[in-house]
Amino acid sequence: MSHEPFPTDGTAVVTCGLPYANGDLHVGHLRGYVGADVFDRALRKLGQRTAYVCGSDMHGTPIAVNAAEAGVSPESFALEYHEQYRETFPKFDVEFDNYGHTDDGTNTELTREIVRELEDAGYVYEKEIMVAFDPEEGQALPDRFVEGTCPYCGARARGDECDEGCGRHLEPGEIEDPESTVTGNPAEYRERTHKFFRVSELQEYLREFIDRLEGTENAKNQPREWIEGELRDWCITRDMDWGIDYPGEAGEGEDGLVLYVWVDAPIEYIASTKQYSERAGADEYDWEDVWKDDGGEIVHVIGRDIIQHHTVFWPAMLHAAGYTEPRAVAATGFITINGKGLSTSRNRAIWAREYLDEGFHPDLLRYYLATNGGLQQDVDFSWEKFQSRVNSELVGTLGNFAYRSLLFAQRNYGGTPDCEVSEAVAGRIDEAVAAFREAVNDYSVRGVGQAALELARYGNEYIQAEEPWNLVDEDPERAEQVIRDCVQLSVALAVLFEPVAPDTAERLWEQVGADGDVHEASLGAAHDAPAAEFGEPDELVTKIEDERVAELNEKLEQRIAESASDEESADDTDDTDTDADDDTDADTDDTTDMDPEPIADDRISFDEFQALDLRVGRIETAEPIEGADKLVRLEVDIGVETRQVVAGIRQLHDVDALPGKRVVIAANLEKSELFGVESNGMLLAAGEEADLLTTHGDAPVGTKIR
RNA sequence: AGCGGGAUGGGAUAGCCAGGAGAUUCCGCCGGGCUCAUAACCCGGAGAUCGGUGGUUCAAAUCCACUUCCCGCUACCA
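Residue numbers for the first sequence, in this note's numbering: 78 to 783.
It should be emphasised that the hints constitute simulated quantities derived from the structure, not laboratory data.
There's no promise every hint is true.
[Unchecked claim] In the DSS-like style, the derived pairs of lysine-lysine whose C-alpha atoms are separated by at most 30 Å in a straight line are: (1) K168 to K620; (2) K632 to K462; (3) K168 to K417; (4) K620 to K417; (5) K297 to K369; (6) K297 to K417; (7) K632 to K417; (8) K462 to K620; (9) K632 to K620; (10) K168 to K462; (11) K168 to K632; (12) K738 to K781; (13) K417 to K462.
Please build the complete structure, drawing on both the sequences and the hints.
Structure follows, in C-alpha cells:
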C-alpha cells in the first residue's frame, strides 16, 4: 500500500459495506453502494488498476432468528435476499466486478485459513464465558435468541440489548428471567469455552495504523477512543449452527462453535476479490497483489455505524494474519426522508424497487445521492428536492447544454465543425479534469460530480456569450470555432460524468459519435476528437413534473400512515448497516387492536408478591437525560424520601408536564445506573405507550400498595 | 454519561488544519434584458451578527474554554 496520490502503480480495490441479507434495499443502502461505485469508476478514469467488489452478509443471529420465524433454513432465507440484491444492483448501474456472499466456498475457506493464521501466530486463546442455554433442546442461545427482563429498567429486552427500554447493551448473563425466543422455554446460563482474538496485543500497531489511515474524519477519529484507550480482546465465536464452523484439527465445528459474523463478513472483501481475480485471470487482476505483501490500495466505503469494525477489528485481523492494511475508510452519513430518520419498520423509506417501479432513470438517483452532500454528511431525501436537482442541474444545466450544442452542430454542420478546439476551452477542460482528480484524492464523491456539472455550467455561459446563432451569418469561421468547442465540451462531459451517471454519459458519448467505450475511457479522452458527422441528439434527461412529485409524496405519506396503524411492533424488520432508524417521533403511533400478551403461566406465591414494595409517589422534577433518546431523570417524592428514578418514557410523555403527576414506584428494586445516572426505583407503566400507573383516590404519597 | 461527526442567507455547500479586505459557489426569491435550446445566459436586488456565551489577538467562521441542538458509536445486533 502506498500513500501516493491516485493513480498509483499499485492495484486498488474498492469495497462497500456488505448488505445484510434480511431485508429489502432502500435509498439508505444505495447511497453507500452508489458512492463506492462512483469512486471506483472515477479511479478507473484516472487510470488506476482497480476492482469493485462486494457480497451479501449471510450469517449472524438476526438472519437465523428471522429464518426460524419464517420457517425456512437460514441458508435459503439469506440466499433469497442475496439473489435479490444481485439482481438489483445492476439496475442502478452499481457494477461490481464480483459479487459473492459470505457463505460461499471461497469465503468459507479463506475465513478458516485466516483464523488458522491468527491461531498460528498466537493471537487466539480460549476463555470460559456465560452463555444462555435452552436446557430442553440442549441448544445454546446466543444474542437475540434470548429475551427477558432488563435488569436496569425492567423492560422486556433482547439478550444483547434492552431494545425497547433503556437502550442499554446487555452482557451475556445479565438479563433476568431469560427465555428462548425459539421455543419460549426458560433459558439458563452455562459456562462455555469461546475463542478470543488478542486485539489488545495489537494496540501499538493500531495506533500507528490509525494515524496513516485516509478517508473521512469520523472514520479516522472515532476509533481513537478504543485504540488510544483500553483495547479489549474480541470474542470471535458464537454458539450456534448458522455460520462458518470454527476450524478445528479434528472435525470442524464439532463443539458447535461458529465464527462470529464480524469475522467472516469483512473477509468477504478478500474472497470476492479473489473470485474476481480467478475469473479475470491474474494477468488482468491479481488479488494477491492487493491483499498480500503490503500490496494494494484498499479503500473501504462503509456506513458510519460500522466504523469500529473497519478501523479496529478488521485491520487487527489483517495485520495479525499478514495481509495488507486498508489505505482508506470512507464512512458515509445516513439518509433521512423528508427530514426524519429513515425507518424500515415504519415504512418511512424509499425502496430501491419502488424507485425503479416508478420508472425513474437510475442516474437521477445516483446523481442525487452522490452529490447532494459530502460523503460523510447525512443527506435528506425528498421528492421535491429530487425534482429540483434533476430539473435544474441535470436537465437545465447539463442536458440542456449538450442538447443545444449538439443540435446546433448537427443542423449547421452535420456534426463536428472542421477546426481545432480553442486554447481557452481546452484549458477549461483541463481544469475540470484537475478538479476531478483532486476530488478522487479527497475521497469526495460529491466533488467528482461537481467537476462535471461545473464544466456544463461553463459550457452554457460560453455558448451564450458567443451567440453562435448570430455568428453563423456575421462570422461563420468564428461560429464554427465556438460550436467545435461546444462539441468538445460535450465529449469531456461524457467522460467526466461517467462515474456518476454511467448510462447518461454513454448516451451522450454515442450522440457525439465518439469512438470506443466511455466506460473504459480515461480522463485523457476528454480531449478526444468527436465524429465529424453525427445525427440529431436526443434529450438526455427528462424533466420531472410537479404533479408527479405531488403524487409520489401522497403515496409515501399514505404508506407511512398505513404502516403506523397496522403496526404490530412484533415483527420489526431488522435494519442493516446504513439505516438511521428513528424511534424519536411518537407522533403517529396510535397503536390499536393490539393482541394482549398472554398471562404468565408461572404462579408466584403470596410471599413473593409481598416482597415487592410498591409506593404511591409524586413526580417532583423531570428532565431528559442527555445523550439518551428515551430516558428521563425523575425526582419522585415517596413520602419517606425523594427518590431519583430513571424511566424510559421520554418519547411517550411530555417531560415538562410530568411534575406533579401521581405515580406508582417499585421502591425496593435494586439500584442501577443508566447513562451514568443512578436509578433508585422503578416507575410503573403499562404497555408500549408507557401509560403511567396511578391511584384513583387520594392515597397520600408514600402509601404502600398491596 | 464518554467518544466521534455535524451546525455557515429559504435549501445545499466552500472556507476552518497553516487567523487578515464587503464570507464562496449553486439552487430558490424579486425586478429588468436576451432567445439557438428541455428556457439557458446577462444585469440589478432582497436575504447570514458563520448554533450560543466567554476568552486569546491589532484582527476570529477560522485558535482556546464552556455551552445548545441533530446524528452515530460505546466492544456479544449486523
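Against the structure, the hints come out as follows:
The straight-line distance between the Cα atoms of K168 and K620 is roughly 21 Å, inside the 30 Å bound, and the hint therefore holds. The hinted pair formed by K632 and K462 meets the criterion: a straight-line CA distance of about 16 Å does not exceed 30 Å. This hinted pair checks out: K168 and K417 have alpha carbons roughly 27 Å apart, not beyond 30 Å. Between K620 and K417 the CA atoms are separated by roughly 26 Å; this keeps the pair inside 30 Å, and the hint holds.
At most 30 Å may separate the alpha-carbon atoms for a hinted pair to count; K297 and K369 meet this at roughly 23 Å. About 27 Å separates the Cα atoms of K297 and K417, which keeps this hinted pair within 30 Å; it holds. A hinted pair counts as satisfied when its Cα atoms are at most 30 Å apart, and K632 with K417 qualifies at roughly 17 Å. Under the criterion of a C-alpha separation no larger than 30 Å, the hint pairing K462 with K620 is consistent with the structure, at around 13 Å.
Distance check on the hinted pair: K632 and K620 sit about 20 Å apart at the alpha-carbon level, within 30 Å; holds. Annotation: proposed proximity of K168 to K462 holds, straight-line Cα distance about 22 Å (limit 30 Å). At roughly 23 Å between alpha-carbon atoms, K168 and K632 fall within 30 Å of each other, so this suggested pair holds. A C-alpha spacing of about 17 Å is found between K738 and K781, which places the hinted pair at or below 30 Å, so the restraint holds.
This hinted pair checks out: K417 and K462 have alpha carbons roughly 14 Å apart, not beyond 30 Å.
Consistency note: the structure conflicts with none of the earlier hints.
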